[in-house]
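Protein chains in written order, with numbering that gives the first Met the number 0: chain A, 0 to 633; chain B, 0 to 331; chain C, 0 to 181.
It is possible that part of the hints are untrue.
What the hints assert, rightly or not - Facing chain B, from chain A, some residues (calculated, C-beta under 7 Å):
#1 LEU34
#2 THR320
#3 THR331
#4 ALA350
#5 LEU370
#6 VAL374
#7 LEU383
#8 VAL386
#9 LEU390
#10 HIS393
#11 ASP394
#12 PRO462
#13 ARG464
Claimed, not checked - Stretches of chain A that chain C covers, calculated by requiring three or more beta carbons in the stretch to come under 8 Å of a beta carbon on chain C:
#14 142–150
#15 235–245
#16 476–486
As the list claims (entries may be wrong) - Far from chain C, by Cβ distances over 10 Å, these chain A residues were calculated:
#17 VAL303
#18 GLU432
#19 ARG503
No lab work stands behind these hints: they were computed from the structure. Every residue, glycine too, gets a C-beta built ideally from N, C-alpha and C.
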Amino acid sequence: MSATQDVFPRIPDEHAELSLLDRAWQNGRGIFGWLSVTTHHAIGLRYIVTAFIMLLAGGVEALLMRTQLALPNSTLLGPDRYNEIFTTHGTTMMFLFAVPVMEGMAIYLVPMICGTRNVAFPRLNAFGYWMFLAGVLFLYWGVFTNAAPDMGWFAYSPLSGPQFTPGKRTDYWAQMITFTEVSALCVATELIATIFKMRAPRMSLNRIPLYVWSILVQSFMVIFAMPAVVIASSYLLSDRTVATHFVNPAEGGDPLMYQHMFWFFGHPEVYIIFLPALGFVSSIVVTNARRAIVGYPAMVLSLVANGFIAFGLWVHHMFATGLPQIGEAYFTASSMMIAITSGVQIFCWLATLWSGNVRVNTALHFVYGFLVIFVLGGLTGVMLASVPLDLQVHDTFFVVAHFHYVLIGGALFPLFGAFYHWFPKMTGRLMNERLGRINFWVLFIGFNVTFFPLHILGLRGMPRRIYTYLPEMGWGPLNLLATIGAWIIAIGGMLFIVNFFWSRRNGRIAGHNPWEAASLEWAAASPPKNYNFEFLPVATSRYPLWAQPEERTVVTGLRNDRREVLVTTLMEAEPHHRYVLPGSSIWPFLTAITVTVGFAGSVFNPWYIVWGSILSGIALTGWFWPRRPLELEP
Amino acid sequence: MSRWAGLGPVIAALFLTLAACATREQSALDPAGPQSGKIAALWWFFFWLLGVIFVLVMVVMLWTLVRREQTGTCEPKLQRTVTTASVATVIILLVLLVASITAGKATADLAKKPNPLTISVTGNQWWWQFRYLNSDPSQVLTTANEIHIPVGRSILLQGQSNDVIHSFWAPNLHGKRDLIPSRVTTEYIEADKPGIYRGQCAEFCGLQHAHMAFYVIAEPAGKFNAWMQAQLQPSLEPANPVLSQGQRAFLNYACVYCHQVRGTPAAGQNGPDLTHFGSRSTIAAGTLPNTPGNLGGWILNPQRIKPGTKMATVAVKPEDLQPMIQYLESLK
Amino acid sequence: MCSRCHSQAISLAALFACCVITTSSCQREKRDIQPSPTRLAIYGDAARQSTLRPGGPVLPQPVVSNPYNGSAYDISEGQRLYDWYNCSGCHFAGGGGIGPPLIKKEWIYGGEPANLFDTIVKGRPNGMPSWGGRIPEYQIWQLVAYVRSLNGEQPTSATASRQDTIEPNPQNIQNRVPGKTK
Chain A
0 MSATQDVFPR IPDEHAELSL LDRAWQNGRG IFGWLSVTTH HAIGLRYIVT AFIMLLAGGV
60 EALLMRTQLA LPNSTLLGPD RYNEIFTTHG TTMMFLFAVP VMEGMAIYLV PMICGTRNVA
120 FPRLNAFGYW MFLAGVLFLY WGVFTNAAPD MGWFAYSPLS GPQFTPGKRT DYWAQMITFT
180 EVSALCVATE LIATIFKMRA PRMSLNRIPL YVWSILVQSF MVIFAMPAVV IASSYLLSDR
240 TVATHFVNPA EGGDPLMYQH MFWFFGHPEV YIIFLPALGF VSSIVVTNAR RAIVGYPAMV
300 LSLVANGFIA FGLWVHHMFA TGLPQIGEAY FTASSMMIAI TSGVQIFCWL ATLWSGNVRV
360 NTALHFVYGF LVIFVLGGLT GVMLASVPLD LQVHDTFFVV AHFHYVLIGG ALFPLFGAFY
420 HWFPKMTGRL MNERLGRINF WVLFIGFNVT FFPLHILGLR GMPRRIYTYL PEMGWGPLNL
480 LATIGAWIIA IGGMLFIVNF FWSRRNGRIA GHNPWEAASL EWAAASPPKN YNFEFLPVAT
540 SRYPLWAQPE ERTVVTGLRN DRREVLVTTL MEAEPHHRYV LPGSSIWPFL TAITVTVGFA
600 GSVFNPWYIV WGSILSGIAL TGWFWPRRPL ELEP
Chain B
0 MSRWAGLGPV IAALFLTLAA CATREQSALD PAGPQSGKIA ALWWFFFWLL GVIFVLVMVV
60 MLWTLVRREQ TGTCEPKLQR TVTTASVATV IILLVLLVAS ITAGKATADL AKKPNPLTIS
120 VTGNQWWWQF RYLNSDPSQV LTTANEIHIP VGRSILLQGQ SNDVIHSFWA PNLHGKRDLI
180 PSRVTTEYIE ADKPGIYRGQ CAEFCGLQHA HMAFYVIAEP AGKFNAWMQA QLQPSLEPAN
240 PVLSQGQRAF LNYACVYCHQ VRGTPAAGQN GPDLTHFGSR STIAAGTLPN TPGNLGGWIL
300 NPQRIKPGTK MATVAVKPED LQPMIQYLES LK
Chain C
0 MCSRCHSQAI SLAALFACCV ITTSSCQREK RDIQPSPTRL AIYGDAARQS TLRPGGPVLP
60 QPVVSNPYNG SAYDISEGQR LYDWYNCSGC HFAGGGGIGP PLIKKEWIYG GEPANLFDTI
120 VKGRPNGMPS WGGRIPEYQI WQLVAYVRSL NGEQPTSATA SRQDTIEPNP QNIQNRVPGK
180 TK
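If we strip away everything but chain A, and leave its shape as in the complex, we get (with noise of 0.2 Å):
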């Protein structure tokens, strides 16, 4: 495979410019050395590794809860035990795993794709990745000290409230949202100014490639949709510790209020979750159509409109609450807008698909299966912008069919797909593709198996969110039915656990480009040095790497004795500076400390917020102290 170590031509005497590169961007040792890294490889690792932990959890919960309804009136769990399960397992896999783990991949590979070293404020990056695992900690300290939240992952006031949820329980739900949301921030904000800023030169905007529009366009959402949930969750919050009524409606505060403040967050979250994965659907069908996609502007409108149509339909989640005429035609008219942009690109993928000369791997089978269910779940979706339909079926199982088949069609299909895709860039193996079609079908009919009777459990009257029901409610067959379903998709689960673990010591050996696939994370080494790139390469079309070798073509003339990266321009990325990247630190982890300080204690005492912001601001002192003159010359 050492062939393919020449994707890019390489100039004479680089052996000790190697190594300088290899010194300038080495990690520090030991344990300071660990929580110092700002390197994006391994911040985007530590971010998938503790979202996939957070699956696992979440998975367990749901095995818990699909068991207790497998038989009418079971008495597995309680009441009280099974709203703090359905809660933590809608809270963890929101916030903790889908959206952390499309953040995770991201920052691991849109610095890659975009072919420079690392993402704009690697400090920033490895902050957010330690106030996530903050959050994580801080929930699930909550649910392991009996605390876990039962209202519901939406927390609707004024059942959240001070007086119907007695104790804790809530406050470490809001405190948690505050966590993963500045996390989600500090990543969106990095990989804006990533994709705008330090794109590889010649990579003008109509040749971005798909995935990383997708990553944009989410990156923007999350910075439009994250404050007002951190908003609605610091209302509920200052209601429940200094007694202030945004939220009470005996005083005056609107419950309603917050449930639009919620959605509005609510419903841009669902494509914050889901574009990255359109991303990952695009990159595995340009790979192994091997060809260009059809109607790449289609597919960069789609994404673009997508986020901002994401924005105008929140209220299809309170039709129930009561609305004018006018209200309901609007909002299902953007309701049903939004299939428009998913309609598209699923014809563009179709279309490439069908003229392409077609591998079928594990990833396109996570494609094709992406394909089956999204598309299901897409065509549920417009029934339920139907205000009438809506009416009845809002709140029940099919709602529960309809999300699932939506996020785990939609995302986490994409998702597995991505990573048999890109496993190789990450580690330097191969997964094991037999077993990875095993795995593929496992999860296939187990999903379907669990999701696709609750469809008909919901418009039979089966309503969400219920902890058991009676045996003559006739309910007892579909559930029994979803529960073995549920059972399989944990089988699937463990194979690709197993895949895993077997590929990353026994896979085949990858090479630079097991796929021939055409983006510029394929012309660095796998698994990747920390810096990518000995000469930052350039794009020269849209499909880099599938230019002739003699038109690829690469950056001479950076530093390599200090982590300097190009500037280009942002629209047509023409190289405008030079720019020495920060090395490691471990700022960013103290402040990550000061802060937690301030959020978790606030939580017990408003006090706290007080001794974490004095905190905070003498750690950002030593963030911000100012450097010595070499590191800081552009």
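Given chain A, work out where chains B and C should sit, using these hints.
Same frame as chain A, but now just chains B and C:
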């Protein structure tokens, strides 16, 4: 791969058979009123149209797998196909939008029927209070967890809540309407034919969200009026010494702080009105059939049947229990 | 080696802190939604046999502790029952009116949990009715836990910052201390 070929139709067929054998109880696909009828019709329209689209997309998708080794498809043709498909999507969505808005408007227009019967619905953790409103205060009827309505007459429901958000949902009659504290929400329902329709809270409301059901009993106008007149009467006087003893016991324990029995000193407002308790078919908001045995179990340990319920666990003495049960069951 | 001792000490201390926080949190978050009848009997007798007499001096308290002390759920249940059983009819929101105030440091019949329990069970002269035998004893304990929280004698982490019901007296809102109900 070929295993996928049959999946779409199989799924559709499965869906149809299972949906068709839905029982009479609590199903959105078994409409018993004009509102739910219109929604069910809309549902089947969506189902068939979107079902056809699903099958078409799946066929194209499988085709991409079967079709191998291309011979240079011309790019403009591909793009034209994508454009055509996208335009078709827009048209189909417009059709669905018009259908949806038309159905929504038709449902709302049913509210214009004259002379509706107004019932105030109040959600409580975890039971329903129903109040038949009337300009004459002596004709206002308060009851719980069970309403009777006349067939063919429009019913105006005014929803509110005493604690958290609940949602009133009787799928055979209409969709949901949330009951939100500090607000009054409205919904019109109507039953086409006599029958007993079950409904259930559809917005998560705490520990016993699962056991918060109610029954709507639709009956001909004459029967309904008779029921209404009977319910408006105060409770029956105990007819024999055992029932008298039961009444005394009922009035002596904590029951009276929460329950009202009109015609006796019991005037609590925190729990369901029990004036005509014996005429109801279930206890604990649809959790158990109303039998003397179940009632005894419920009184002695409500927390076992409905953990978290606001009903107190009262240590009723064994000698008081039987008379109390008999007394309550006699309140027809 | 010394640094290892040091880190061991730190981790031991951390473990201890974890245990303390965990247990306090479990106590706070417990939802005893199936109070068992046996418990009712035990506390019932203990309190009935108290030697306290209406109007008499405050005698040494019987050694009975409130099983719901520090439990957020039960304090909240007590708050609900305070309205349901119309305690608020005389004591108002705790400031007193027809009956004596419940927010104070001086108690006529003793302010310890067992005294409050006794007062509720037996009633007192000048209007306090006897609730013993009418409402179940676990609910009396819940009321006791709530009344104690009015005086800040419950952990602030277990008490609600405010009621969700309308506050009739604006002064109570303005002078509210976080962590105390009133």
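Worksheet item: Are at least 3 residues of the stretch 142–150 of chain A within less than 8 Å of chain C when you compare beta carbons?
Response: holds (count 4)
Worksheet entry | Hint check: 7 Å Cβ-Cβ cutoff, THR331 of chain A to chain B | holds (6 Å)
Discussion item. The hint names LEU34 of chain A as touching chain B; please verify it with the least Cβ-Cβ distance against 7 Å.
Written reply: violated (41 Å)
Worksheet item: Minimum Cβ distance from HIS393 of chain A to chain B below 7 Å?
Response: Because about 6 Å separates HIS393 of chain A from the closest Cβ in chain B, which is inside the 7 Å limit, the hint holds.
Worksheet entry | Status of the hint placing ARG464 of chain A at chain B (closest C-beta pair under 7 Å) | With a minimum Cβ separation of about 4 Å from chain B (threshold 7 Å), the hint on ARG464 of chain A holds.
Worksheet item: Is the interface hint for LEU370 of chain A satisfied, with its Cβ closer than 7 Å to some Cβ of chain B?
Response: For LEU370 of chain A, the interface hint holds, since the closest Cβ of chain B sits about 5 Å away, which is under 7 Å.
Discussion item. How does the stretch 235–245 of chain A fare against chain C when you require at least three residues with a CB closer than 8 Å, holds or violated?
Written reply: It holds, with 6 qualifying residues against the three required.
Worksheet item: Close enough to count: is the Cβ of ASP394 of chain A nearer than 7 Å to one in chain B?
Response: holds (5 Å)
Worksheet item: Looking at GLU432 of chain A again, its CB stays over 10 Å from all of chain C?
Response: Non-interface label on GLU432 of chain A holds, nearest chain C Cβ at 45 Å vs cutoff 10 Å.
Discussion item. Using the nearest Cβ pair, does LEU390 of chain A come within less than 7 Å of chain B?
Written reply: Check passed: Cβ of LEU390 of chain A comes within 2 Å of chain B, closer than 7 Å.
Worksheet item: Does VAL374 of chain A pass the interface hint, meaning its C-beta sits closer than 7 Å to a C-beta of chain B?
Response: holds (5 Å)
Worksheet item: Does the claim that ARG503 of chain A lies off the interface hold, with its Cβ farther than 10 Å from every Cβ of chain C?
Response: It holds; ARG503 of chain A is separated from chain C by about 31 Å at its closest Cβ, greater than 10 Å.
In summary, the structure is inconsistent with hints 1, 7 and 16 from the numbered list given earlier, while agreeing with the others.
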